[in-house]
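*Asks:* Hey, can you piece these two chains together into the complex? The hints should help.
Respectively, the protein sequence lines represent chains A and B.
Numbering follows numbering that gives the first Met the number 0, with no gaps: position 156 of the first sequence is 155.
Numbering follows numbering that gives the first Met the number 0, with no gaps: position 9 of the second sequence is 8.
Everything labelled a hint here was simulated from the structure, so no lab data went into it.
Please note that the accuracy of each hint is not assured.
[As the list claims (entries may be wrong)] For each label pair, taking beta carbons as the anchor points, the in silico distance ranges come out as: (1) B:G65 x A:H100: 33 to 41 Å; (2) A:Q70 x B:V72: 46 to 54 Å; (3) A:A191 x B:S138: 34 to 42 Å; (4) B:G113 x A:Q117: 29 to 37 Å.
Because the structure is a prediction, the values reported are computed rather than measured.
Every residue gets a Cβ at the ideal spot worked out from N, C-alpha and C, and that includes glycine.
Each chain, written out:
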Amino acid sequence: MNYLTTHPMRVVALTAIHVEIVGAALIVALLLAVPIGIFAARRARVEPWLLGTLGAIYTIPSLALLAVLVQLLGLGFAPIFVALVVYAQFMLARNVVAAIHGVDRAQVDAARGLGMSQAQILMRVEFPLALPVMIGGVRIAAIAMIAIATLGGYVGGGGLGVLIFNGLTLHQPQMIVAGSIAASVLAVAVDALLRLAERASGERGGAR
Amino acid sequence: MISFRHVTARYPGSSRNAVDDISFDVGAGELVVLLGPSGCGKSTLLRTVNRLVPLESGEVDVDGIGVAELDAVELRRGIGYVIQAIGLFSHMTVAQNVAVVPSLLGWDRTDIDGRVDELLGMVGLDPSLYRERYPSQLSGGEAQRIGVARAIAARPRALLMDEPFGAVDAVVRATLQRELVRIVRELKTTTIFVTHDVDEAFRLADRVVVMRAGRVEQVAQPEGLFDNPATDYVRDIVHAGDDVYRRYYLHARELLRQSSS
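Okay, chain B solo, but in the shape it has when bound (with noise of 0.2 Å):
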């Protein structure tokens, strides 16, 4: 679970709060989405929880402890963090790349070896074919797997996604929201995604925050901003678009929760 508690974030040098004063909470296990337009702060706030922005004022508890009470390294070390850089190492092989924290954690050589063939099947790459492979020789769609491979490699508290899918094209990108939603649902990981995309946003999110500005404008279930919306800005935003789309979809995806129940 991850706490936000009158959250404020700035940048060095800026006179405006990057985040002003955000309070909401992220059940265990859940998956919220940071959905807003570019600049609105919803990657800063990410960033406050694995400390790669520092805290203005608030509190932000991951499991009820507060990260500012944490040495830095060792939190990020329990915290997943998939970029949409996507960040390989590009000199070491893909098993090296996912075995960097269980490394820095020091654990042993065969269980890392076994956590790692466990780990590329999970995210759906064969292990005898990948295992040796560099980053330059994979593709974005398989680069971007082997990112989140790594992010889960030592059983994190709390996953952190920052855009993972914005630079793959539309095809790959709804595979892999697919796969990620499953992953996500099997390890029960708790986790915070940040998109600009509404579409992106409502296929994955238990609950979605809308943030502009700095600010918090509507934290709720895809349905509720579609039925409730707090401001013009919340309707505007999930109304972009194909809407049409949108109210199928979130229909179709409450069908099929009520026959699996």
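Chain A with its partners taken away, still in its complex shape (with noise of 0.2 Å):
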């Protein structure tokens, strides 16, 4: 604990930078993600191909992804961004699938014989009705993205991980604790706010 009294704001600038890394790479995996999810979700043949594709690469150990993300970007916070939004997408495009599909049918069939246009469909019922449940599927994929950013402290990118590795090589056991400490009540804060998100989003829309 001592040192999160010490240096109370070397841990915050790395949690900020923490955030930094984990938010680019957030919005750079919806981006991907949410095209590539509603692309599969209207393509039954595809989405089993895509969602497997993605699936193998979530089973990759993530140290091993960023071992070969290093040798191809170098080090920096190039590998940990790009690994971080490779890891995204399997949760993410997942969610988006499922939540295209737990769109209530009655409603996609009346806006398709109102005269929505495939565009109007999608925009104004499919994806509204669907963002509690993708907004569910972000909260889970950032917990997981800020436990694995802290690996971006191994690969010189920076982060709370910075204060774990350099912990481990100089043997401050508080330096690692503080690290550690720092990324959980990151991951918890986040999780509540996207939970609150997630809540607001849903309560208009009720069930029928």
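*Replies:* What follows is the structure, given as structure tokens:
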């Protein structure tokens, strides 16, 4: 615990970098996963193939993937950023597919019958109805990413992993504890925040 | 007016025609009921009108224009559509639901607001109480009233109803049927109504189209089905259950009609 009280600003600064890494990776991952998920949900034949591929990538140990990425991209922000985007794909895309499939068929049928175009059905009916489930997926992905992002400390990407890996090298258990606690607190905070968003987005759309 | 000319439709992968060479007309302002057991093709035939089901061959005309010649999305905006599952958009208020088609058509904001109030009144729901409610806050009967209001919001040329009252309880259903007849008569909207319920068909229909296995058995007024069934199948259908009640019902309706004219 000592390190937290002796170097609070250092922990805060590393936490901010951690948030930056995860945030940037999450945004890029979402920009990929939403179209991929919608595409897969529309094509029954593509769906198992696509999700299977993403699932296979997901089973690669994160440290191994990171090692390969360091070979390709060098040290620093890039390998951890790419690793996070790749890992998040499986969780996010699968969730988008599930969210779209979970939309009440009657509402989609009604939307079509009333004369909405394919794009209007997506934007005005499917997307808003799928949103609570999608935010649930973002929440799960974000928490996993906060944990995986600690590996950034090992490849020079910065973040709270720096405390953990430096602590290991320097035999400073308080640094390891400080980094771990900060990462956990961050995960719990993000979880709570996204749960609120999830609830708020689902509030209006009741069952029927 | 809606005309079916040798209409044949088939679901992808099926070897059998869901609808097989069907021809008949629905006159302007007429309410025609498609009656038959589930799987007889009545919903499929209905859905050829707004092109939710594509034609294998034949032609469907709405007011003299073939539906295949129009853009499907444009076509649907001009035809009301009500389904058994109702399908109100659960993330939109009642007012937003009713306003869907007028908004798609680019109506003026104030015109839409006025129209929503008018429609809610028409289906018997107080606008000041219901406008801002969400579908989850409505009973089944109220929800389907909104479903009907949404379907007729932009004054469609035709109204398609696919077992709209199948999911509501019997008492509410009778009220909804009465009100539907009143509204459709008032608006003189050409309407096709699908049901498997003979009593419902008799209560609503100007004419009934009895269907079986993708084909038409008989097209007639309810009295005609009763007095001159074209086939044993039609006879069995109209006499199944309480046919004495049906006889009296038709008789009473005829008396009412004579006394009012």
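*Asks:* Evaluate each hint against the coordinates.
*Replies:* Status of the hints after comparison with the structure:
1. B:G65 x A:H100: 33 to 41 Å: 35 Å, holds
2. A:Q70 x B:V72: 46 to 54 Å: 51 Å, holds
3. A:A191 x B:S138: 34 to 42 Å: At 36 Å between Cβs, range holds.
4. B:G113 x A:Q117: 29 to 37 Å: 31 Å, holds
In summary, this structure violates none of the numbered hints.
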